[in-house]
Amino acid sequence: MTTGFFSSVDDVAERLAATGYLASPAVATTVFLADRLGKPLLVEGPAGVGKTELAKAVTEVTGARLVRLQCYEGVDESRALYEWNHAKQLLRITAGRGESWDETRTDIFGEEFLLPRPLLTAIRSEEPTVLLIDETDKADVEVEGLLLEVLSDFQITVPELGTIKAIRRPFTVLTSNASRELSEALRRRCLFLHIGFPEEELERRIVALKVPGLDEALAGSVVRVVGALRAMDLRKVPSVSETIDWARTLLALGADRLDEAVVRETLGVLLKHQDDIVRAAVKLDLDAV
Amino acid sequence: MSRPVHDTGPATEQTTAATRLTGLVGALRAHGFGIGTGETVDAGHALEAVGFTDRERVREALAATLLHGETQRPVFDRVFDLYFPLGHTRDTEAYENTAAGPAGLAALRDRLAEALGAADGAALDRLAAEAVGGFGGFGSGPESDGWSSYQTLSRLRPETLLARVRERLRTAPGSAGPEFTERLLDDEIRRRIEAFRERVRTEARRRVAERQGRDRVARRAVAGTADTVDFLLAGRAQLDELRRTVRPLARKLATRLAARRRRASRGEIDLRRTLRRSLSTGGVPVRPVLRRRPPRRPELVLLCDVSGSVAGFAQFTMLLVQALHDQFSRVRVFAFVNRVDEVTGLIARGSADPAGLGDRILAEAELTGWHGQSDYGTALGEFADRYADALGPRTVLFVLGDARTNGADPNLAALRRIADRARRVHWLNPEQPSLWGTGDSVAPAYAGLVEMRPCRNARQLGALIGRLLPV
Chain F
1 MTTGFFSSVD
11 DVAERLAATG
21 YLASPAVATT
31 VFLADRLGKP
41 LLVEGPAGVG
51 KTELAKAVTE
61 VTGARLVRLQ
71 CYEGVDESRA
81 LYEWNHAKQL
91 LRITAGRGES
101 WDETRTDIFG
111 EEFLLPRPLL
121 TAIRSEEPTV
131 LLIDETDKAD
141 VEVEGLLLEV
151 LSDFQITVPE
161 LGTIKAIRRP
171 FTVLTSNASR
181 ELSEALRRRC
191 LFLHIGFPEE
201 ELERRIVALK
211 VPGLDEALAG
221 SVVRVVGALR
231 AMDLRKVPSV
241 SETIDWARTL
251 LALGADRLDE
261 AVVRETLGVL
271 LKHQDDIVRA
281 AVKLDLDAV
Chain Y
1 MSRPVHDTGP
11 ATEQTTAATR
21 LTGLVGALRA
31 HGFGIGTGET
41 VDAGHALEAV
51 GFTDRERVRE
61 ALAATLLHGE
71 TQRPVFDRVF
81 DLYFPLGHTR
91 DTEAYENTAA
101 GPAGLAALRD
111 RLAEALGAAD
121 GAALDRLAAE
131 AVGGFGGFGS
141 GPESDGWSSY
151 QTLSRLRPET
161 LLARVRERLR
171 TAPGSAGPEF
181 TERLLDDEIR
191 RRIEAFRERV
201 RTEARRRVAE
211 RQGRDRVARR
221 AVAGTADTVD
231 FLLAGRAQLD
241 ELRRTVRPLA
251 RKLATRLAAR
261 RRRASRGEID
271 LRRTLRRSLS
281 TGGVPVRPVL
291 RRRPPRRPEL
301 VLLCDVSGSV
311 AGFAQFTMLL
321 VQALHDQFSR
331 VRVFAFVNRV
341 DEVTGLIARG
351 SADPAGLGDR
361 ILAEAELTGW
371 HGQSDYGTAL
381 GEFADRYADA
391 LGPRTVLFVL
401 GDARTNGADP
411 NLAALRRIAD
421 RARRVHWLNP
431 EQPSLWGTGD
441 SVAPAYAGLV
451 EMRPCRNARQ
461 LGALIGRLLP
471 V
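These protein sequence lines map, in sequence, to chains F and Y. For the first sequence, position 213 matches number 213 in our numbering, and the numbering has no gaps at all. For the second sequence, position 9 matches number 9 in our numbering, and the numbering has no gaps at all.
There could be a bad hint or two in this list.
Said to hold, decoys possible - Pair by pair, the computed Cβ-Cβ distance ranges are:
| no. | chain 1 | residue 1 | chain 2 | residue 2 | range |
| --- | --- | --- | --- | --- | --- |
| 1 | Y | D240 | F | F109 | 57 to 63 Å |
| 2 | Y | D77 | F | F109 | 50 to 56 Å |
| 3 | F | G196 | Y | T53 | 39 to 45 Å |
What the hints assert, rightly or not - What the simulated footprint calls covered on chain Y by chain F, stretch by stretch (three residues with Cβ under 8 Å from a Cβ of chain F suffice, anywhere in the stretch; the number is not a length):
| no. | segment |
| --- | --- |
| 4 | 33-46 |
| 5 | 186-192 |
Honestly, the hints are just simulated from the structure, not real lab data. Backbone N, C-alpha and C fix where the C-beta goes; we use that ideal spot for every residue, glycine too.
Using the sequences provided together with the hints, build the complete structure.
Structure (structure tokens):
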């Protein structure tokens, strides 16, 4: 069963590029496969390389509806799958005084009293849907158990109603920063994609696309400095979003070329820890910060 | 840029692809990858979907369906290169003869410098193939017996091209004057050269595989994932790679320890409080009360031999423990060669610079007396005398070292005193058990007093720490 959004790998790359998401060959191939094989896509990688952006870009090019489940510690069944609308059920019972017990009972566990949460919404949706399960690693282990049924068969079992199967299989993206190890069972159900830092040339194109006013030579220098920082042993190396922030900063400052003073003053945009900044300054041969 | 996969003719495409895929899966399984049949079938579907016209797509399709984590990727890439090699065997024969000899070597170095300057991936691939073909063959006759990346690289010496590439880039048209980015140049060129060396290694492996059979090479010659590298045999680059696995490993362990602690803290039923609560429901114990144990985390003490050969093992373990520090109520680390000194402070400060940790410990702590050889007897004695206060009924002590005393007195009494004070003592030995007791190793004597376990790579270490620590 396919979700049927894309016709080929090139099609993925071209249409994503049209929305401003430049996909590496790995990303384009894997997105195409997720679409073609109808399997969920597990995307891992450092923060700020565009994992969530990927799901949003797919939503945009396909004109689908985005259903997002943001995971956090303590997200549970009633937040992820569905919940019974107790208040409404009570009202129904109060309103129906005088009815026999059998009538009441069968009534209050119907569709009308069901509150769909993201996973059920995505499964039941009749229009094309992109289901984004964001930061899966933040959720407790128990939630993974819920996801297993949803992700392998795209169905949800509600004890009172029976099994609800997907009408259209949603294009599913799970993201993870690997702050917790995901279970092997969950990984088996997904295609795996690791988005790392882009190649120099791709990153230059991304900068050119996102910060159009920036001089081309300066964009090249920006990417090279970021590349050098990534090769250093830092607590938090800059990712793509930081590269773009830095490029925007330079544009705003009106800098037309990189020199020691500019880099020293703006290093804080790229690096988020003071000891990283000190180390980078030493390595890059900047005078005392 | 689309580069087709080598020799998949239309007639045999299906069978070749299927056998290659199963061969690849077999080789990956031999490296400890858990790949089920379902995933192999998925991989087949994926290959069908992307086709064989673009090699990088084939690679990504297989990676997406067969892999479960990024740490597996380097091994996968090497195995993939064997089963789905670049299609250039036939072309190489034409220039193999021209490349040989000193004149050919100089010409090849020229072209390599140019390709490195331009960062031209396709040209570098071609040059790697030429270099191995021209200078990597050894054995007798025109059909040489083997191919060696080591021999190729020691003749070609790409690292000596640095100055030439730099010069070429500086004088290239379009590079105006001294710029800030100039100072990044050397490091960039070094990274390109290293990438070229890897290309040469891949090419040599591929040629050897053609001769000896893919399956054999894929299982033997491809290095495993970083966590299976033997501590005592790991080179500098491998230790660096190992260091990068510290954080993920620590995270995995922390998850496991926290889960175990959570389970254990849900103790048994507290009868008195259950009965008290049942009063409100007429004596029916509707809600049982569980006795909660106070959260108590173990105290951990490491005693590490940081001399010579075992230093890599000790450093890795120290980093791991440091990354796990919030799992313990207290961590103290002691290092010794033949004198003991506390290095807890150095480790805590070392978070930003794991690579320099070993040097800093040797520079700042007093670890050696009159000579630089490790002496377990003296070190254990000194530890028992000076730092006995570090041990208590809640302390778990890990001793790290190979128990090679260089002929000195093992001082078993000191270890006995230490073992009496601590709750548990585990000795982790990076040598394999068959070597214990050979030469100057007194491992069996120590193993009689405390539990000694072999711990040869990061995977074993992770499993041991997860298992041995009390909840």
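Hint check:
{"no.": "1", "hint": "Y:D240 / F:F109: 57 to 63 Å", "in the structure": "holds (59 Å)"}
{"no.": "2", "hint": "Y:D77 / F:F109: 50 to 56 Å", "in the structure": "holds (53 Å)"}
{"no.": "3", "hint": "F:G196 / Y:T53: 39 to 45 Å", "in the structure": "violated (25 Å)"}
{"no.": "4", "hint": "33-46", "in the structure": "holds (count 7)"}
{"no.": "5", "hint": "186-192", "in the structure": "holds (count 3)"}
Hint compliance for this structure: hint 3 alone is broken.
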